[in-house]
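Dock chain P against the given chain Z, drawing on the hints supplied.
Chains as they are written, first to last, in this note's numbering: chain Z, 300 to 508; chain P, 300 to 508.
These aren't lab readings, by the way, just hints derived from the structure by calculation. No experiment lies behind these values; they were computed from the predicted model shown.
No copy is singled out in the list; a pair is fine if it fits within one copy or between any two copies.
Derived DMTMM-like pairs: lysine to aspartate or glutamate, alpha-carbon spacing no greater than 20 Å straight-line: (1) Lys378 to Glu432; (2) Lys450 to Asp411; (3) Lys345 to Glu404; (4) Lys503 to Glu470; (5) Lys491 to Glu470; (6) Lys307 to Asp368; (7) Lys403 to Asp460; (8) Lys492 to Asp469; (9) Lys503 to Asp469.
Protein chains: 2
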Amino acid sequence: MRAAIPYKQENAKSRLAPVLTQTEREQFVELMLRDVVYSLREAGVKDIDILTTAEYSSLSDLDVNFVIDPSDLNESINKYLERMDQPVLIIMADLPLARSEQVKEIISFEEDVVIVPGKGGGTNVLFIREPAEFHVRYYGMSFCNHCSIAKDMNHSLRIYDSFLLSTDIDEPHDIVEILMHGRGLSFEYAQKKFELESSRARVKLTSLR
Amino acid sequence: MRAAIPYKQENAKSRLAPVLTQTEREQFVELMLRDVVYSLREAGVKDIDILTTAEYSSLSDLDVNFVIDPSDLNESINKYLERMDQPVLIIMADLPLARSEQVKEIISFEEDVVIVPGKGGGTNVLFIREPAEFHVRYYGMSFCNHCSIAKDMNHSLRIYDSFLLSTDIDEPHDIVEILMHGRGLSFEYAQKKFELESSRARVKLTSLR
Numbered sequence: 300m301r302a303a304i305p306y307k308q309e310n311a312k313s314r315l316a317p318v319l320t321q322t323e324r325e326q327f328v329e330l331m332l333r334d335v336v337y338s339l340r341e342a343g344v345k346d347i348d349i350l351t352t353a354e355y356s357s358l359s360d361l362d363v364n365f366v367i368d369p370s371d372l373n374e375s376i377n378k379y380l381e382r383m384d385q386p387v388l389i390i391m392a393d394l395p396l397a398r399s400e401q402v403k404e405i406i407s408f409e410e411d412v413v414i415v416p417g418k419g420g421g422t423n424v425l426f427i428r429e430p431a432e433f434h435v436r437y438y439g440m441s442f443c444n445h446c447s448i449a450k451d452m453n454h455s456l457r458i459y460d461s462f463l464l465s466t467d468i469d470e471p472h473d474i475v476e477i478l479m480h481g482r483g484l485s486f487e488y489a490q491k492k493f494e495l496e497s498s499r500a501r502v503k504l505t506s507l508r
Numbered sequence: 300m301r302a303a304i305p306y307k308q309e310n311a312k313s314r315l316a317p318v319l320t321q322t323e324r325e326q327f328v329e330l331m332l333r334d335v336v337y338s339l340r341e342a343g344v345k346d347i348d349i350l351t352t353a354e355y356s357s358l359s360d361l362d363v364n365f366v367i368d369p370s371d372l373n374e375s376i377n378k379y380l381e382r383m384d385q386p387v388l389i390i391m392a393d394l395p396l397a398r399s400e401q402v403k404e405i406i407s408f409e410e411d412v413v414i415v416p417g418k419g420g421g422t423n424v425l426f427i428r429e430p431a432e433f434h435v436r437y438y439g440m441s442f443c444n445h446c447s448i449a450k451d452m453n454h455s456l457r458i459y460d461s462f463l464l465s466t467d468i469d470e471p472h473d474i475v476e477i478l479m480h481g482r483g484l485s486f487e488y489a490q491k492k493f494e495l496e497s498s499r500a501r502v503k504l505t506s507l508r
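Bound conformation, chain Z alone:
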């Protein structure tokens, strides 16, 4: 099997702009990617492909393959899947709460397709045993899309229920989850930049600047 991580650094995570500058966001997405790669390695995944539009020299220490394609997310993943003759785990780069135990469990299931839903109808992780027969449709209600695609192809399907893997980091309040449940580089970074402010009702993120 291989893992594929779609990745984009330039002006990434614009919805974090209220709490992080562009340079900080670009640093932060790299750290989150490194945490994801770390968990994959810890789970024993040897072959990792980073799907990007440009090679990043800052990542050269990671020992991953770069698959460079200027197409959009769906098109580039679908071209990648088409030529795959082994199972593929597509995992998003903004899942720093991913743990190796979860990766191990997901790739051990017998079903043809495993989907890990994200908040708001997203697909955060997708494990596909026969990738050449499958295609993806990210954005919007991609969770429903991917369930339908598996069904239409008569592929057996498992939905994997995980809070940690449902937590993609898009908005400031998502960083609360990193501070609560994180480890690794993105956790250290968040700890340097923010603290948690607790009121009776909710926990809020406060900048340390």
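Chain P alone, transformed into the frame defined by chain Z:
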């Protein structure tokens, strides 16, 4: 073992006010409670205590016990735990995505305490094998509080990772998750009131009124 569900109906879920009137919110919390009770029953939980400040005649068909206490959430739960001589599962009433398989798994663990975190540092489910020795501290960073309390008492602790159980229904965008992953009465209700609007970026809730 017993299950305890803290419950309040009057003017509940004020953060849903942008999309539901007070009467609708009061109906909706009752349906969510019924879905939680259904999952507990399906998991084989026989004794269910509803901790409230008033008895609700509308719930008389549920075959549950009412424990009526005008104190606040923490005080009333702690008084309840003090007199318990059997394991207690505290589960919130706004978790309509709870499934019986999860309940079964949580109550089967050997650890003294099982905590299911909610979004933003909350505690959505808490299973306590020795309740008379434990106390709760909800609100704010209750997840951290409950981890510390277990640790301070030398109780073994398991953190249970579940997206469905992390999803307490507080804000309009949480209803998206009911429409995506729900079943039961709250799902039917949400389907009558809302539909999902999908754009490239995110899924949004639209009122059908």
